[in-house]
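Asker: The primary structure of each chain is shown beneath.
Protein chains: 4
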Amino acid sequence: MTQDLLTIAGKSFSSRLFLGSAGYPNQQVFLDSLAASGAEVLTVSVRRADLTGYGEGLLDLVAGKVWLLPNTAGCATVKDAVLTAQLAREAMGTDWVKLELIGDRETLYPDVEQLLKAADTLVRDGFTVLPYCTDDPVVCQRLADVGCAAVMPLGAPIGTGLGILNPYNIELICSRSPVPVVLDAGIGTASDAALAMELGCDAVLLNTAVSRSTDPVRMAAAMRTGVEGGRLARLAGRIPKRTRAEASSPELGLIGG
Amino acid sequence: MTQDLLTIAGKSFSSRLFLGSAGYPNQQVFLDSLAASGAEVLTVSVRRADLTGYGEGLLDLVAGKVWLLPNTAGCATVKDAVLTAQLAREAMGTDWVKLELIGDRETLYPDVEQLLKAADTLVRDGFTVLPYCTDDPVVCQRLADVGCAAVMPLGAPIGTGLGILNPYNIELICSRSPVPVVLDAGIGTASDAALAMELGCDAVLLNTAVSRSTDPVRMAAAMRTGVEGGRLARLAGRIPKRTRAEASSPELGLIGG
Amino acid sequence: MTQDLLTIAGKSFSSRLFLGSAGYPNQQVFLDSLAASGAEVLTVSVRRADLTGYGEGLLDLVAGKVWLLPNTAGCATVKDAVLTAQLAREAMGTDWVKLELIGDRETLYPDVEQLLKAADTLVRDGFTVLPYCTDDPVVCQRLADVGCAAVMPLGAPIGTGLGILNPYNIELICSRSPVPVVLDAGIGTASDAALAMELGCDAVLLNTAVSRSTDPVRMAAAMRTGVEGGRLARLAGRIPKRTRAEASSPELGLIGG
Amino acid sequence: MTQDLLTIAGKSFSSRLFLGSAGYPNQQVFLDSLAASGAEVLTVSVRRADLTGYGEGLLDLVAGKVWLLPNTAGCATVKDAVLTAQLAREAMGTDWVKLELIGDRETLYPDVEQLLKAADTLVRDGFTVLPYCTDDPVVCQRLADVGCAAVMPLGAPIGTGLGILNPYNIELICSRSPVPVVLDAGIGTASDAALAMELGCDAVLLNTAVSRSTDPVRMAAAMRTGVEGGRLARLAGRIPKRTRAEASSPELGLIGG
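Residue numbers (numbering that gives the first Met the number 0), protein chains in the order written: chain S, 0 to 256; chain A, 0 to 256; chain W, 0 to 256; chain X, 0 to 256.
Watch out, some of these pointers could steer you wrong.
Since copy identity is lost for identical chains, a pair holds within one copy or between any two.
[What the hints assert, rightly or not] Here are the simulated SDA-like cross-link-like pairs (lysine to any residue), alpha carbons at most 25 Å apart as the crow flies: (1) Lys-116 / Arg-104; (2) Lys-64 / Thr-93; (3) Lys-240 / Pro-166; (4) Lys-240 / Arg-123; (5) Lys-10 / Lys-78; (6) Lys-240 / Gly-162; (7) Lys-78 / Asp-31; (8) Lys-240 / Leu-67; (9) Lys-78 / Arg-243; (10) Lys-78 / Ala-62; (11) Lys-240 / Leu-161; (12) Lys-116 / Gln-26; (13) Lys-78 / Asp-144; (14) Lys-10 / Pro-177; (15) Lys-116 / Ala-34; (16) Lys-10 / Met-91; (17) Lys-116 / Asp-79; (18) Lys-240 / Val-28; (19) Lys-240 / Asn-25; (20) Lys-240 / Pro-24; (21) Lys-240 / Leu-164; (22) Lys-64 / Asp-79; (23) Lys-10 / Leu-60; (24) Lys-240 / Arg-104.
Hints are computed from structural coordinates only; laboratory data are not their basis. Keep in mind that this is a model prediction, so the values were computed, not measured.
Extracted from the complex, chain S is given alone in its bound form:
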């Protein structure tokens, strides 16, 4: 079997699980979880990176081990998001950015109108932009049109663990997207991650589902496995759903039949 790589903006990864760095009980659990997840992409909020999360320099600890993806978490205006991305580029030496532009403090839902403007601005400024967006196929298309390197539709609101609320839309987006689709937000457990891959997603980003689980290191392994299983199932070509039963064992010539 040839290697099944994920390629975004010319950079290839063998893992299809992206991990967030927030909310772990302590630094060691985070590092062990990261290792168990097999993730090669790590999202960090610019503020945490500045403040050297977990009492030490998070960035130093993971340097060279993972691809850092700074995010603009908490930004609510185009100006803030663009400025945050620019500071991240300077501080962290990467032009990749996970663009978050929140439209509502309570639901943390993206503001897609502002998101499109910020994405356009950042792409023109040379960034590799991965926007966190709604599960709206037209918004995803527009984000690709302005030059985003991937789209990151949500499965459910951040931190809820509700899974994929609208699998129809996620599958629709995947079937049409000219750029990789990374499911972001809402994942609660391994079967959610597997389902995302089966619907056609190219990768899954999650954070809370690992960091706030009872045993983050084991859940990180679970998510790694779920993503791999879902990806394999997608490639293997599942049986169609039938509404009628079909015997797997032959029914003719049964003993005593």
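Chain S is already provided as a structure; the job is to place chains A, W and X on it using the hints.
Answerer: For chains A, W and X alone, coordinates are given in the frame of chain S:
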């Protein structure tokens, strides 16, 4: 991490995926799928075992590699099921039996009333009985009461690939069962298998979802991975589902905030 | 439009909503809810009927207004259920009985093995038997085979309000049943009742969803309306589900197009 | 019970079902369906109104009986949508408009970025704007912010009959919207319409589910009833969903117990 073994009737397995042996394109694909699945338990219909499936002796090929679990597929009466189990014991040298007693040729749904009688008879005759049953918590309890070594509730009708139609009942059964619960029938893809484990099942049995997929060997690997991911997630303790968003990244002190 | 009657055991009803009589805040709310529901069949537990529920003779109050359907709620053995049915027949002058035979005090799930025996006994004793059963198509068939006048599969456990946990099975049962199918238990709101009818049920029985709602009289009206809407939709023949959008308004020749 | 009116932009309606006028087998079926639906709001595409649909003047036939809501179906740019609305205002004498601005010809999904611009323009031009939009709570809030009189989130793509793909988002939108929420698109049957109302929608707009059903007149009655049942259930306050069974009939002191 200590090894996470499944124990049924005193016999331990490190794999929690049981595989069926029917419907593969050819013998080599079957053997490769079996290897890729990591399954240690293989179900075979007595008729196929007799007829040396795939043109050669299936039993010889897998002898010593897997634990054989003969099934009574297609039996529709207590008498036929008991007779079939007895023939299997004689021919295959095992007192384990997957007891199938079909109540309806079209849906292949179990007849739980007859199933209870056949299970009772076979247990008294010294068999280790694993009955294929409905997702009815009282039936599962009664089957355990008569001495079955495990219960095997269906997720959906055989061969449909519809997944787990009633997760509530499966979770209820798992939370109360005094014997291992093996989800049997209905699985279509890796996320279904993962979900079964997350609901508390001890193992998953499947056949069609692998044998009739486009690439059975790869799907066997997908199912192995899905089962492992679901089991890990179960053990890791998932986050609760919330109806409100919760930020994973800190929101205070944002740049420009 | 000719009248759309429900006929069970030769008796016809114009309402397809059956109501339970337990758990109302007081007698007046119960009577008003009954009127608002339009129900023509009222289930009563034999014990309540004996004890003249709500401080007065419930049976006197509704005499002649509704068809009484005594139930054997709480019975856990064939003997108890049969005895209870016989007492009801003597006390209430009806040979109709809603047969409940509980297999588990916690989930109130039916014990289908005992249920089949009790149903058979009561049918032979001249009763018109409507058994509360699981959503198992084979059990429903067996109950019809022994002469039950209708089958009453559950949507979800009693009192949970979870709706119809397994619509696939309910639809399957309805498509094959030789006797009327009355969905019993689990209904939480009007759309659940409508869905039951759309799946092919002939009627819906509910109690808690009305009696424990904030405004039982209004909820009784809601359930009446939901059942009627679902029945009309079933008869009208819904559009098939499509996976692709289809314009309702014409798209050619648009202004400015 | 005081009358439960729906008020949009100062105009009150006693029906909460809006009907579309496209795709009926013939004019008489349309008129009979309209009557059976009880709808007081009728959407018409401007093009059809011009061309006097169904061989005669549709507008003349329904004049004075219903409130006409011209739509901009098929428009794909702000300019087209605004022009179409203006032509409708002139031709039909109403400043109400159902604003449709399609972002994709295949899925007929709205383009929310352009929709917000068109809505803003039309509100400033004195229109009463009811925009067809995604189930995005931030977009709905922004549409209300620019002065729309209601929001019309989709349940599923137009004409699919898939029902409400994301009930979570619809409920979220309803719980926060400062203007009435009219569910638009995706409804397939009466239980879907009831569910929309139970989630908190103020009204439901549908077309294909009636016009393309086997018996449109009866389905129109079904939808009317479904909407009424769902509204009543919402007002009545449903029981909470429980994960454990709760007896409706008393269990103590049973006969033979």
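Asker: A separate judgement is required for each hint: does it hold in the structure or not?
Answerer: Comparing the hints with the structure gives:
Both within a single protomer and between protomers do Lys-116 and Arg-104 lie at most 25 Å apart by alpha-carbon distance, with minima of 20 Å and 23 Å respectively. Only within a single protomer do Lys-64 and Thr-93 lie at most 25 Å apart by alpha-carbon distance; the minimum there is 15 Å, versus 51 Å between protomers. Taking the shortest alpha-carbon separations for Lys-240 and Pro-166, both the intra-copy value of 15 Å and the inter-copy value of 16 Å come in at or below 25 Å. When the C-alpha separation of Lys-240 and Arg-123 is checked against a cutoff of 25 Å, the pair qualifies neither within a copy, at 45 Å, nor between copies, at 39 Å.
In the homo-oligomer, the alpha carbons of Lys-10 and Lys-78 never lie at most 25 Å apart, since the shortest distance is 28 Å inside one protomer and 40 Å across protomers. In this homomeric assembly, Lys-240 and Gly-162 come within 25 Å of each other (Cα to Cα) both inside a single copy, at 21 Å, and across copies, at 9 Å. When the C-alpha separation of Lys-78 and Asp-31 is checked against a cutoff of 25 Å, the pair qualifies neither within a copy, at 36 Å, nor between copies, at 55 Å. In this assembly of identical chains, Lys-240 and Leu-67 lie within 25 Å of each other by CA distance neither inside one copy nor across copies; the values are 40 Å within and 28 Å between.
Taking the shortest Cα distances, Lys-78 and Arg-243 never come within 25 Å of each other, neither inside one copy (56 Å) nor across copies (27 Å). For the identical chains of this complex, Lys-78 and Ala-62 are neighbours neither inside a copy (29 Å) nor across copies (51 Å), given an alpha-carbon limit of 25 Å. Taking identical chains as interchangeable, the C-alpha atoms of Lys-240 and Leu-161 lie at most 25 Å apart whether they share a chain (24 Å) or sit on different chains (6 Å). Taking CA atoms no more than 25 Å apart as the test, Lys-116 paired with Gln-26 passes in neither setting, with 36 Å inside one copy and 47 Å between copies.
Taking identical chains as interchangeable, the C-alpha atoms of Lys-78 and Asp-144 lie at most 25 Å apart whether they share a chain (21 Å) or sit on different chains (21 Å). Proximity of Lys-10 to Pro-177 under the C-alpha cut-off of 25 Å is restricted to the intra-copy arrangement: shortest distance 16 Å within a copy versus 45 Å between copies. In this homomeric assembly, Lys-116 and Ala-34 never come within 25 Å of each other (Cα to Cα): the closest approach is 36 Å inside a single copy and 47 Å across copies. In the homo-oligomer, the alpha carbons of Lys-10 and Met-91 lie at most 25 Å apart inside one protomer (17 Å), although the nearest pairing across protomers, at 54 Å, exceeds that limit.
Taking the closest pair of Cα atoms, Lys-116 and Asp-79 come within 25 Å of each other both inside a single copy (12 Å) and across two copies (23 Å). In this assembly of identical chains, Lys-240 and Val-28 lie within 25 Å of each other by CA distance solely across copies; the values are 22 Å between and 41 Å within a copy. Taking identical chains as interchangeable, the C-alpha atoms of Lys-240 and Asn-25 lie at most 25 Å apart only when they sit on different chains, with a minimum of 23 Å there against 44 Å within one chain. Proximity of Lys-240 to Pro-24 under the C-alpha cut-off of 25 Å is restricted to the inter-copy arrangement: shortest distance 19 Å between copies versus 42 Å within a copy.
In this assembly of identical chains, Lys-240 and Leu-164 lie within 25 Å of each other by CA distance both inside one copy and across copies; the values are 20 Å within and 12 Å between. In the homo-oligomer, the alpha carbons of Lys-64 and Asp-79 never lie at most 25 Å apart, since the shortest distance is 29 Å inside one protomer and 52 Å across protomers. In this assembly of identical chains, the alpha carbons of Lys-10 and Leu-60 lie at most 25 Å apart only when taken from the same copy (22 Å versus 45 Å across copies). Taking the shortest alpha-carbon separations for Lys-240 and Arg-104, only the inter-copy value of 19 Å comes in at or below 25 Å, while the best intra-copy value is 40 Å.
When held up to the earlier numbered hints, the structure conflicts with 4, 5, 7, 8, 9, 10, 12, 15, 22 and fits the remainder.
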